[in-house]
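Novice: Sequence:
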Amino acid sequence: MEWVFLVLLGIAAAMFGSIVGLGGGIIIVPALLFIAPSLIGQPVDHGTAVGISLTVLVVTALSSSMTYAKRGLVDFRSAWLLFVTSGPGALLGSAMTGHMKAGSFQLTFGIFMLFMAGLLIARDYMKPFAKEWSRKRTLADAKGQEYTYSYGMVPMLVIGFGVGLISGLFGIGGGSLFVPMMVLLFAFPPHVATATSMFVIFLSSILGSGMHIALGEINWLMAAALVPGAWIGGKLGAAIAMKMSGKGLLWLLRATLLLLSVQLIVDGIGAL
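According to my numbering, the sequence shown holds residues 539 to 810 in order.
Certain hints may be false.
[Claimed, not checked] Once the Cα atoms are required to be at most 30 Å apart in a straight line, the calculated DSS-like pairs of lysine-lysine come out as: (1) 608 x 773; (2) 674 x 781; (3) 781 x 681; (4) 608 x 674; (5) 681 x 773.
If you are wondering where the hints come from, they were derived from the structure by calculation, not from laboratory data.
When you get a sec, could you build the whole thing from the sequences and use the hints?
Specialist: Written as C-alpha cells, this is what we have:
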C-alpha cells in the first residue's frame with residue numbers, strides 16, 4: 539500500500555505542479571515531511587525530502603515540458619537565459635538545505651509560500667509593469683496564435699539566480715516565483731510563463747538533485763516509487779492546463795500556496 543500511495547502522490551503532485559508551473563515539489567516536500575512516519579515508520583529529514591523532490595522534478599518537468607513544447611508554448615530562448623543564473627543558484631540552495639534546522643526550514647518555507655500567495659492575490663489590484671523592455675519577444679504557438687512581451691537582460695538574470703536559489707533550498711522547482719514574476723514584470727501570458735518555467739525547472743532540477751545526491755540526501759526507493767506517477771502526472775497536468783483559463787491557473791496557485799503555507803508555519807513554530 540505504501541508503494542501504491544507514493545505512485546498516486548507522484549501523479550497528483552506532478553499533475554497539479556504542471557498545471558500551475560511549479561513542478562510538483564510544493565506538494566511532494568510537505569507530503570513527505572508530514573506523512574513519511576506513517577508510510578515508512580520513520581521521519582524523512584527536510585534535506586532528504588528536498589533531494590527526493592528535486593529528483594522527481596527532473597521527470598515531472600521533462601514530461602510536461604515535452605507536452606507544452608508540442609503546443610509551441612515554451613519560449614526556449616528566454617528559458618535558457620533564466621537558466622544561466624538559476625542553475626548556479628539551484629546548486630547553492632541545494633548545498634544550504636541540510637544546514638537548516640527542521641523547524642526553521644518549515645517556518646521559512648511557509649512564510650515564503652504565504653508571501654507568494656499574497657503577491658498573487660494582490661496581482662488583481664496591481665497594474666502590470668508598463669515599461670517597454672529592451673528585448674522584445676513574439677512567440678507563435680502551434681495553432682498560430684501570437685504572444686508579444688518584452689524583458690530586460692539584467693532583471694531576468696537576477697530573477698533567475700534568486701529563483702534558482704529558492705528552488706534548490708526548498709525543492710519546489712521555482713515556478714511559484716518564475717510565473718508571477720514573468721506575468722507581472724514582463725507581461726508574459728500565463729500559459730507561456732507556465733510552460734517556459736517548466737523547462738527552466740527541468741534544467742535547474744538536474745543540477746539541484748545532483749547536489750543532493752552528492753551530499754547523500756536522497757532516498758532512492760521513495761524516489762523510484764514517485765517517478766512513474768510523476769511522468770504520467772506531468773503529461774496529464776500540461777494537457778489539463780491547456781483547457782483552463784489564465785485566470786483559473788492563477789486562482790488555483792493562490793489557493794494552494796495559502797493552504798500549504800499556513801500548515802507549514804504552524805508546524806514550523808511547533809518544532810522550534
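Novice: Could you check the structure against the hints above and give me the numbers of any it violates, in ascending order?
Specialist: Per hint list: zero violations.
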